[in-house]
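Asker: Heads up: the sequence lines are chains A and B, in that order. Using the working numbering, the letters of the first sequence map in sequence onto residues 1 to 111. Using the working numbering, the letters of the second sequence map in sequence onto residues 1 to 112.
Hints are supplied without guarantee of correctness; some may be wrong.
Interface residues of chain A toward chain B, partial, derived using beta-carbon atoms under 7 Å [unchecked claim]: (1) E41; (2) G42; (3) P43; (4) L45; (5) Y50; (6) F88; (7) R97; (8) G102; (9) S103; (10) G104; (11) T108.
Please keep in mind that the hints were generated in silico from the structure rather than gathered at the bench. Keep in mind that this is a model prediction, so the values were computed, not measured. Using N, Cα and C, we set each Cβ at its ideal position, and we do this for glycine too.
Here is how the chains run, residue by residue.
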Amino acid sequence: GQQLNQSPQSMFIQEGEDVSMNCTSSSIFNTWLWYKQDPGEGPVLLIALYKAGELTSNGRLTAQFGITRKDSFLNISASIPSDVGIYFCAGQGGSARQLTFGSGTQLTVLP
Amino acid sequence: NAGVMQNPRHLVRRRGQEARLRCSPMKGHSHVYWYRQLPEEGLKFMVYLQKENIIDESGMPKERFSAEFPKEGPSILRIQQVVRGDSAAYFCASSPTDSPLHFGNGTRLTVT
Chain A
1 GQQLNQSPQS
11 MFIQEGEDVS
21 MNCTSSSIFN
31 TWLWYKQDPG
41 EGPVLLIALY
51 KAGELTSNGR
61 LTAQFGITRK
71 DSFLNISASI
81 PSDVGIYFCA
91 GQGGSARQLT
101 FGSGTQLTVL
111 P
Chain B
1 NAGVMQNPRH
11 LVRRRGQEAR
21 LRCSPMKGHS
31 HVYWYRQLPE
41 EGLKFMVYLQ
51 KENIIDESGM
61 PKERFSAEFP
71 KEGPSILRIQ
81 QVVRGDSAAY
91 FCASSPTDSP
101 LHFGNGTRLT
111 VT
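Build the full structure now, drawing on both the sequences and the hints.
Answerer: Structure (structure tokens):
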């Protein structure tokens with residue numbers, strides 16, 4: 001089946017710093033999504049990408065759909081304490097309609 | 001517009017009992033997906049349903065697990081004769097198209 005490698009597994013950054021995380025796949029995806037999950041909650045959609053090369057922003061968040069369609073990255077600029085949480089990438093590809101999730105990046109923002 | 005609603009939020013069952021998890025999709029969404037999440041892991045696909053039809057159940061264990069999405073009412077994920085390994089968070093997602101987007105807050109199942 002399709003697999004996603006998400007890195008880093010965890011990050012500790014100072015408030016105000018920028019942070020970047022990425023996902024790579026062994027196969028091509030048609031859609032890349034980035035979610036944030038807080039403890040005890042469901043994943044919340046941050047950004048959706050539908051075209052190779054697409055660069056999309058949502059406030060301080062920017063994500064790109066890699067040109068090879070096998071990778072995506074998420075950048076968060078000027079981090080704040082409420083950015084703390086687990087960030088997941090998810091991809092959809094081929095005939096499969098369901099999403100394949102990465103293993104998550106645990107972000108901690110230090111004051 | 002209410003989001004994806006799941007209940008109960010927490011469910012405790014003894015080994016051998018049945019667990020029923022409910023999911024009401026967002027208004028106007030006819031596509032429902034169920035995912036399972038173990039601690040410190042990503043979500044794993046279980047089953048994809050449209051109204052009255054199971055489209056893809058390739059991620060669901062062959063025994064003890066079943067899912068339905070009737071014409072009226074919520075989607076139900078049913079786990080019979082639960083075992084300790086079934087303990088996990090179960091999430092439902094809905095979409096107006098065939099790509100899942102919006103997730104509920106999940107049901108946390110604990111099997112004692």
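Asker: Taking the earlier hints as the rules, which of them does this structure contradict?
Answerer: Going through the list in order, the structure violates hints 5, 11 and respects the others.
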